[in-house]
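Q: Below, each chain spelled out in residue letters.
Number of protein chains: 4
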Amino acid sequence: MIDFDIPADLAALRDEIRAFVNDKVVPYESDPRLTRHGPDDGLRAELVELAREAGLLTFQAPKRFGGREPSHREQAVLFEAAGWSTLGPVALNCAAPDEGNMFLLGKVANTEQVEQFLLPVIDGHQRSVFAMTEPGGAGSDPNQLNTTAEFDGTDYVINGHKWLITGAHGARTWIIMARIAPNPHGGDGPTLFLCEGDTAGIELERVMNTMDRNYVEGHGVVRLTDLRLPASAVLGEVGQALRYAQLRLAPARLTHCMRWLGAASRAQSIAIKHARERTAFGKPIGEHQGVSFMIADNEIALQQCRLAIWWACWTLDMGDRGTGRHESSMVKAYVSEELFKVADRCVQILGGIGISDETPVGMIFSDMRAFRLYDGPTEVHKYAIARQVLR
Amino acid sequence: MIDFDIPADLAALRDEIRAFVNDKVVPYESDPRLTRHGPDDGLRAELVELAREAGLLTFQAPKRFGGREPSHREQAVLFEAAGWSTLGPVALNCAAPDEGNMFLLGKVANTEQVEQFLLPVIDGHQRSVFAMTEPGGAGSDPNQLNTTAEFDGTDYVINGHKWLITGAHGARTWIIMARIAPNPHGGDGPTLFLCEGDTAGIELERVMNTMDRNYVEGHGVVRLTDLRLPASAVLGEVGQALRYAQLRLAPARLTHCMRWLGAASRAQSIAIKHARERTAFGKPIGEHQGVSFMIADNEIALQQCRLAIWWACWTLDMGDRGTGRHESSMVKAYVSEELFKVADRCVQILGGIGISDETPVGMIFSDMRAFRLYDGPTEVHKYAIARQVLR
Amino acid sequence: MIDFDIPADLAALRDEIRAFVNDKVVPYESDPRLTRHGPDDGLRAELVELAREAGLLTFQAPKRFGGREPSHREQAVLFEAAGWSTLGPVALNCAAPDEGNMFLLGKVANTEQVEQFLLPVIDGHQRSVFAMTEPGGAGSDPNQLNTTAEFDGTDYVINGHKWLITGAHGARTWIIMARIAPNPHGGDGPTLFLCEGDTAGIELERVMNTMDRNYVEGHGVVRLTDLRLPASAVLGEVGQALRYAQLRLAPARLTHCMRWLGAASRAQSIAIKHARERTAFGKPIGEHQGVSFMIADNEIALQQCRLAIWWACWTLDMGDRGTGRHESSMVKAYVSEELFKVADRCVQILGGIGISDETPVGMIFSDMRAFRLYDGPTEVHKYAIARQVLR
Amino acid sequence: MIDFDIPADLAALRDEIRAFVNDKVVPYESDPRLTRHGPDDGLRAELVELAREAGLLTFQAPKRFGGREPSHREQAVLFEAAGWSTLGPVALNCAAPDEGNMFLLGKVANTEQVEQFLLPVIDGHQRSVFAMTEPGGAGSDPNQLNTTAEFDGTDYVINGHKWLITGAHGARTWIIMARIAPNPHGGDGPTLFLCEGDTAGIELERVMNTMDRNYVEGHGVVRLTDLRLPASAVLGEVGQALRYAQLRLAPARLTHCMRWLGAASRAQSIAIKHARERTAFGKPIGEHQGVSFMIADNEIALQQCRLAIWWACWTLDMGDRGTGRHESSMVKAYVSEELFKVADRCVQILGGIGISDETPVGMIFSDMRAFRLYDGPTEVHKYAIARQVLR
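Residue numbers (the UniProt record's numbering), protein chains in the order written: chain A, 1 to 391; chain B, 1 to 391; chain C, 1 to 391; chain D, 1 to 391.
There's no promise every hint is true.
Copies of the same chain look alike in the list, so a pair counts if it fits in one copy or across any two.
With a cut-off of at most 35 Å between alpha-carbon atoms, the simulated DSBU-like pairs for lysine-lysine come out as follows [claimed, not checked]:
1. Lys273 / Lys63
2. Lys273 / Lys283
3. Lys63 / Lys283
4. Lys341 / Lys283
5. Lys341 / Lys273
Read the hints as simulated data drawn from the structure, not as lab findings.
From just these sequences and the hints, can you work out the full model?
A: Spelled out as structure tokens, the structure:
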């Protein structure tokens, strides 16, 4: 039956995470190692050790890898708590892109691949990238994938240009999407490959300047030149890259939503405090409806986003109700647009403070802007939703 | 734990209601007795008999009065199904204002009052009014109540002017809010009174022309002139009218939301059909994103409204979580604004058809406009929400 | 040079029109002959005589037909004043569809046609219709025109089904769009025909119930059955109907905008008065920002719409700058959406009064909803604008 | 009479400015000296010399100071052209805050002050600051001014804390607002003072990190400690600071709007190019209405902002129509909100590119966010507009 109860043990873990983030992680928000390109690897390493000490590192991992294996709905509760600081998921090792990559590798990687590429990420010692997007657009429309892999029967030789590759600088576990050209030795089509970041042929041309700041080491532009990988580097099956990307995407979209819900709640809490304390025209600004209505709109929007996420997670938890692709599209489109408005209103309430780094609100706003584009821009989701409805 | 499952027996009743509305009630939507002032009493009587035959009349009543006594969450599921036609709740006897009046009387009326005023409404033979609002504004701000009751120790003599009194024409059970003046014989303050509609002193001046059309017999302007009622006419306790109004209001707001969700879903279904069938510029209009994005926005909004309602109902069902006043304010503000947008988009998709009575969509749109004002305009709710948050 | 000055003589005529509408026409707004189908012909005739007495009837006509022949910019100023009451343009004989029809006939009709079909409309004794739209959609996409005209060398025989034909009931001058089938006797393609409304073969099936109420005699559904017209009935040239429709449309869209700007200004004036006088929570509601911000938004929107209209009119007045099609699309899309929001906010400010006929605001709101669809729905305009920009 | 014509000589100067910005300034947009804190003084100096060579430096100055003294409407045309690059106004020396400061000094400064403080700014060798805002809020509500000036009959001793002081680092001409305490030697109240930036007692504590990047040397936090200034340092009259701030503000708001209109037009031009060239799902993305409708919305919004600015400038040019305070409030509120939406849509059209520094669009978006707060947040303007309307 319809229920919104959070069981006591889940609430306890949520509160533990919230307290950890608030007490241990928030103080790092003004650390200079949180740069224009996000937290650097040094800051990340320090934060990860805090989470390890607290016994909370990678809490979302499957039990067979030492995690707590929360359901999607439980993740919704816990990731929101983690997102209270944008550095929270970095510390807890449940940030993008590692979180989604761990999820995918846990589903698809074979034993050797798990050992070499997944476990070091789960234990927080290494990071991972998912190298799909290209300058020509292989994000929203994966048919435009231009990176090629030539197969000679023994090795794949990969050439291409990738960009907006989150965390490329310094990551060890690389998942690379390339299109295997038709060949007489085996299958072809879009395929995922696994390799280490220092393999010859991978060159980080530069880290892009972007308006978001919460991804470790930012977003790289990567040139792949005659990157030679053995047949064993294929992740899962040949030609299945788009299916795996979808497999990763539905839950990855939702964990994005969860973390950002936490960040938006934080922004709202800062705006509320400001609205109570700051005065203008003779009274606290929160007593002017121009401000208080924004607070009310935020209150409603945050709750609606929470409900949306919980619902989509429930569809994923009920395995027999399909892939959750339609539901997660609806929720991603809705949540990203609404949380952006929440952050925008918080900036407005804070006035000049809001557009500065005096609080994390300005940073949350800018990151939220990017969120409306990551994992599919809103327009692509609406296109997919309508097609499903009009079918 | 968080859950969105609808148990099989609830789903079965929902489907029964939906089928009843679709098969038996929808054909009456073009009946000429559905006038500018809503369905008239003749049409209502005919519809009520259909529901009685179907065994579904007043299904929401408490078990002690012969109903099925659904929880608030169960109501959410069932009233949405009832709302598929705006005449559905009329037939099933779960429409405003009777539904809220029955709820209130079930909570507060004494045995004699139940017998005289409540049971004839539950069995569908009579209708009821809740005479609170006044031309000067005693709706959003009840402190402006100007109707007075003078107490001489035996009788109350009531004078005042009421308007927007839904269903006043022809209703037998009247609940009247008046302010008892300080007097030496007993208590004073805003108080509810019960009497029959043909009592001397109640005069229906006229029925107002309004843009909504789903309330039986429309909205009346009522003059109360020396309306003399015995002390036994007091409903509940003297001076408690505002508390009772609140008691009635939280669930009444939500049932409004549920019924309108059903109506908006209907509008969307008509828009979808049109988008599939009507062509422009060489393809179905649903293949133009200008249309399909509206369909997607509606799909998201309808689901979000459903989640909002379910959540507020859950807080009411969990009796220990307070009155649900804050939650129902959030949900009423959100749902009324969003469903209006849904209806507006459906009108737009239908083009010229949308602003006509060729489908019920135009009527739903106009009714939805009024819904943003009934039970507290959105601005009053935001004011209350913000005060709660900023406390 | 950029200038926003209104010369004294134009201002004087504007004030004269405004005073006429306010003093003579506004009192008719509660006349029972203003029905669900708009003002009836009796009310219209009475209003027209008032304008004739005032020397203001059909002031926009060309000088050769006895009018004042204002430029498009002058019309913008004058029609806004006329629109202060939705009955103002009816009285002054500058309402749709007659105003646009007179414009078109003045441009295209030959001497005999002027005599028979135009002059009686200009002098206010007859009304006219423009029978283009069809149930299948020949409004936004004229390629869908299904009404056919078979030509036997002597007569055209027209068959088809038209709907949303404004003012069909009682109109004498009919402009009918039909597609001439290829024939050995002459040209073919979409063509305009002129005939009188009582010609055999024209049957008014019914008047549609629509949410707008300002068009004389409402919108009809018309069956054309073997309507036989002589070759001389062709208006302008064979095959040029779409060009003429465009010729009519650009200015007709703008005069629509002007009249509605007047009506929206009226709604705002009523909302302002209410915001000053009505109190809630201890002060005039206009001192709550929830209300006052709506007043400010309206103030901005009304001025922006005025500027938009003036600008598009200027492009039309500068004949060498093209047809004004792009500009009038931009302005129609913008103005209709913005004025609808203005009316919506006025309804909200008025509360329960706003959704009733106690003031004209509710009626203006409903009419404005239709305005977003007439003369091309917003989506069709955006489509055209973008194509122009992206060319 | 209403007119939108741009005379040939004005158009020629506009085109000259546009060509200068496009050819000479745009290439500097990727210069590393354009930092998080805006262009540094070195970059500025280089750009200023380019404008000097082109004969366009400080073109807006009064003729008596060697400028062209354009009217407000002429400025509207020219500043929009200058804003095509956010570095354009920097080069041309018509950027905030110098432009507004020069305007104010030109109106109020005496001959000695002009010589010492204004002329070096006009000739581009020095920069200026307007030190009004304080951490406690003396921006929107100047009654909260906490910086004090004690007058001993000879000197003023100023103490206070200022922040968001644009261009503080390196500026030579300082205009400081402080409240003169009641004293026996002369007047008191909020007063403007002029001094040089290296005067003892002025300490730049830090430059703030903000999301905007187009103000030279960013926004400083300034501590004023026993800043001793002679009586001759008063700018204009004692106690008149708020009046002068208003005098500066109405035109300064408008020049802000003009420059940002240019920047938003640039963003739109980049988005249009992308929409034409980038393909997805088999065709240019500009052929998907999800994108093309954003292009159309932008086209409309840019034109509406232009009209709004022209209109407010015209009211300023007509000196007898008041201060333009109401009109400039309306226009600032409207233009800042609309141009932000334009920039936001351009980001969305560009996808991942839009949130990066690959084009200036992302930077324009972030700057535009701040624009909704500078010179009065939208809410303060709406408050003022409504008060004027409801008076």
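Q: Hint compliance check: list the failing hint numbers for this structure, sorted ascending.
A: Checked against the structure, the hints that fail are numbers 1, 3, while the rest are satisfied.
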